[in-house]
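Construct the entire structure; sequences and hints are all you get.
If you're matching them up, the sequences are chains A and B in order.
1 is the number of the first residue of the first sequence in this note's numbering; add one for each residue after it.
1 is the number of the first residue of the second sequence in this note's numbering; add one for each residue after it.
What the hints contain is simulated information worked out from the structure, not anything from laboratory work.
Take these hints with a grain of salt, some might be off.
Said to hold, decoys possible - Residues from chain A that face chain B, not an exhaustive set, calculated with beta carbons under 8 angstroms:
no.	residue
1	LYS188
2	PRO189
3	VAL193
4	PRO203
5	ASP209
What the hints assert, rightly or not - Just the calculated beta-carbon pair ranges, DEER-fashion:
no.	chain 1	residue 1	chain 2	residue 2	range
6	B	ASP265	A	SER252	27 to 33 angstroms
7	A	GLN227	B	ALA104	23 to 29 angstroms
8	B	ARG264	A	GLY131	48 to 54 angstroms
9	A	GLN227	B	THR251	42 to 48 angstroms
10	A	GLY131	B	ARG13	45 to 51 angstroms
11	B	LEU21	A	ARG223	27 to 33 angstroms
12	A	PRO210	B	ASP44	24 to 30 angstroms
13	B	THR239	A	ARG246	49 to 55 angstroms
14	A	ARG223	B	ASP44	44 to 50 angstroms
15	A	GLN227	B	ALA130	24 to 30 angstroms
16	B	LEU244	A	GLY241	54 to 60 angstroms
17	A	GLN227	B	GLY105	20 to 26 angstroms
Idealized CB from N, CA, C, for every residue including glycine.
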Amino acid sequence: MLALPVIDARDQLRGVVLAIEVERAVHDGAAGVTAADLAQSVPLVSPDDGLETALSALSRNGGDGLPVADRSCAVTGWFTHRDPVARRRRRRARPANDRSRCRGPQPSLSGPQPPLSGGVRVHDPIVHTHGLTKRFGSTTAVQDLSLSLYPGRILGFLGPNGAGKTTTIRILMGMLRPTSGRATVLGKPAGDVATRRRIGYLPGDLRVDPRLTGTDLFAWFARLRGQHEPDLVAALCDRLGLDPSRRFGALSKGNRQKVGIIQALSHRPELLILDEPTTGLDPIAQREFLVLLRETAARGAAVLFSSHVLPEVEHAATDVAIIRGGRLVTYAAVADLLDRARRRIELRYASPPATAAFDGVPGVVDVTVDGATLIVTIDGPVGPALRAATDAGMVQRVMPVDDDLENLFMTIYSDRGDRIEVH
Amino acid sequence: MWSVLTHAMHRRRFALAWWALGVAGMCGLLAAAYPTVRDNHELDNTFANLSPGIQTLLGLSNNNLLSSPTGYLDSQFYANIWPLIVLVFTIGFAAWTIAGDEQAGTLELLVANPISRVRIALARYTALLALTASLVIVCVVALSALAPSTGLNHGLPAARLAGATIAAALCALVFASVAFAVGAVTGSRPAALATSAGLAIAGYVLEGLAAQVAALRDTRWINPWHWLLVTDPLRHGLTTQAWLPAAGACTVLVLVALPPLARRDLR
Numbered sequence: 001m002l003a004l005p006v007i008d009a010r011d012q013l014r015g016v017v018l019a020i021e022v023e024r025a026v027h028d029g030a031a032g033v034t035a036a037d038l039a040q041s042v043p044l045v046s047p048d049d050g051l052e053t054a055l056s057a058l059s060r061n062g063g064d065g066l067p068v069a070d071r072s073c074a075v076t077g078w079f080t081h082r083d084p085v086a087r088r089r090r091r092r093a094r095p096a097n098d099r100s101r102c103r104g105p106q107p108s109l110s111g112p113q114p115p116l117s118g119g120v121r122v123h124d125p126i127v128h129t130h131g132l133t134k135r136f137g138s139t140t141a142v143q144d145l146s147l148s149l150y151p152g153r154i155l156g157f158l159g160p161n162g163a164g165k166t167t168t169i170r171i172l173m174g175m176l177r178p179t180s181g182r183a184t185v186l187g188k189p190a191g192d193v194a195t196r197r198r199i200g201y202l203p204g205d206l207r208v209d210p211r212l213t214g215t216d217l218f219a220w221f222a223r224l225r226g227q228h229e230p231d232l233v234a235a236l237c238d239r240l241g242l243d244p245s246r247r248f249g250a251l252s253k254g255n256r257q258k259v260g261i262i263q264a265l266s267h268r269p270e271l272l273i274l275d276e277p278t279t280g281l282d283p284i285a286q287r288e289f290l291v292l293l294r295e296t297a298a299r300g301a302a303v304l305f306s307s308h309v310l311p312e313v314e315h316a317a318t319d320v321a322i323i324r325g326g327r328l329v330t331y332a333a334v335a336d337l338l339d340r341a342r343r344r345i346e347l348r349y350a351s352p353p354a355t356a357a358f359d360g361v362p363g364v365v366d367v368t369v370d371g372a373t374l375i376v377t378i379d380g381p382v383g384p385a386l387r388a389a390t391d392a393g394m395v396q397r398v399m400p401v402d403d404d405l406e407n408l409f410m411t412i413y414s415d416r417g418d419r420i421e422v423h
Numbered sequence: 001m002w003s004v005l006t007h008a009m010h011r012r013r014f015a016l017a018w019w020a021l022g023v024a025g026m027c028g029l030l031a032a033a034y035p036t037v038r039d040n041h042e043l044d045n046t047f048a049n050l051s052p053g054i055q056t057l058l059g060l061s062n063n064n065l066l067s068s069p070t071g072y073l074d075s076q077f078y079a080n081i082w083p084l085i086v087l088v089f090t091i092g093f094a095a096w097t098i099a100g101d102e103q104a105g106t107l108e109l110l111v112a113n114p115i116s117r118v119r120i121a122l123a124r125y126t127a128l129l130a131l132t133a134s135l136v137i138v139c140v141v142a143l144s145a146l147a148p149s150t151g152l153n154h155g156l157p158a159a160r161l162a163g164a165t166i167a168a169a170l171c172a173l174v175f176a177s178v179a180f181a182v183g184a185v186t187g188s189r190p191a192a193l194a195t196s197a198g199l200a201i202a203g204y205v206l207e208g209l210a211a212q213v214a215a216l217r218d219t220r221w222i223n224p225w226h227w228l229l230v231t232d233p234l235r236h237g238l239t240t241q242a243w244l245p246a247a248g249a250c251t252v253l254v255l256v257a258l259p260p261l262a263r264r265d266l267r
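This is the structure we're talking about:
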């Protein structure tokens, strides 16, 4: 019988999403799932009557007519993680961080719910912290930090210098002991020695014995991990453009960083923890590195990386956690966060518009005019603003101005002390 | 664990080669200079007039004259130069094992691997012992080979040479173990070096003073220099009293340092 993971399907919609994904896997033949497996396993998933009803409907009509609004990237990730055939099939069909499929009920900061857009918890978290606090003397570096990272997800960990990113990462790696709270990694307490075999780690300040060559380091760590894959190491060196025969001390900063990245990836870890990994990398290596991250997530691993480079987080991460003064202020799927961002619309008129039409319109927070071009900033539904726009004059062209993560990040940091909830 | 040990030794291979060359050269010099001392009995009288404290530090007494092979080797080598050589050779490495590597930032990547801090520490301490043993072997072989040329081995079997070499190295290893322990517990290389070097010097001075100052005699039982000098392994062989206290102290220092190392935050 198929061993489905325990699923926290608390509401009907989430249950339906799961059911649809399982059904899809049955049709695809993924993981050897059969209808019998489904019938036996799913009732164990949740005793929820709503789910039962949904499944009955599924068995009658194969899912047609059920709400498919909330496709879960995570559920798909679970199947792809286990079945190489399905993984290849789905990878062709859809990149790992394809955000077009990640629109759905949004996470809240009220508890350690995964920031999966589908909200379906199909796996135990790879990283889970609860109330994590770390003090150094009178300084609190991390306070009451709770987050969960699930397979197939890439979490961008953002925050300015001294926000507590590295402290959190070092707690997860077992180098620091939390003052209070708990952190589990791959189901074990953070720092568990055997679990480190399954983790790839890149410290923020990479230091290696300068006399060692890349080859020496990779071979040494392979012995420690009991897993030597010279072909994989050679492929990684080739992709990142590193000559592993050179001594670490003779390498440039960027090439040293490549050594660090390769040693973190060379044992196919289930969790990658990278502290500012792209520091010093040239743009070509940066791009290749981001591809590597996505490939790592696509095979079901989880990635946590800290960064100051917001476009790279926006580009590579599926989720983002923003930390300020040791506290988690935002934790959401990147797509959800961007959806939440204020929308700006640029309108071109035949003649200078009458801005008075926007006065008192709900959601309109700013209107700027430059000749016949008007930019309206909206916080909320865009409908009323669009109606006002047509009242203001003859609209010839409408163009959305996408807000990026950088603007959002600045907004969050200018909101003093308040958590940004994603609703 | 084995790969950490071999990596640590590999790291020091060139240093070991140079130190071995230096020790062999020192042994050659000792052997070459012995005929001059052996034939100069004036020196025996001069040293006999020195204060008891200095004589103790030199390993000399009425029964152990400078002109004799044991008196010569004790006063010129085993009571001072050789422990100092081992001390300098080991203390830096011992301070590096955890604290030096930690402060350099290179330990961070290693402890991300599936090996505990305690195993890393033990592997590197074992490497320290192995490197010291290598130097001891070089010393014994060089002395055994060169001493007969000038009669320095007269009445001195190779086993006693080996015993004295080991006992003095153990004395130095106690202080290296202090460096290891302080480094493991604090993560500070300067603290490790300062504590161990300070204790080595203070112990040496106290041992000399204790021969004259009665109040200091009670401190001798805890002084590794006393364990070495009072047992005089060159004359009496490597007795249990000559090696057990030092070996025991090394063991205790290592064992005491490991639990705090396992628990504390890494820098």
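Sort out which numbered hints this structure fails and list those numbers smallest first. As far as the earlier hints go, 1, 2, 8, 9, 12 and 14 are violated by this structure, in ascending order.
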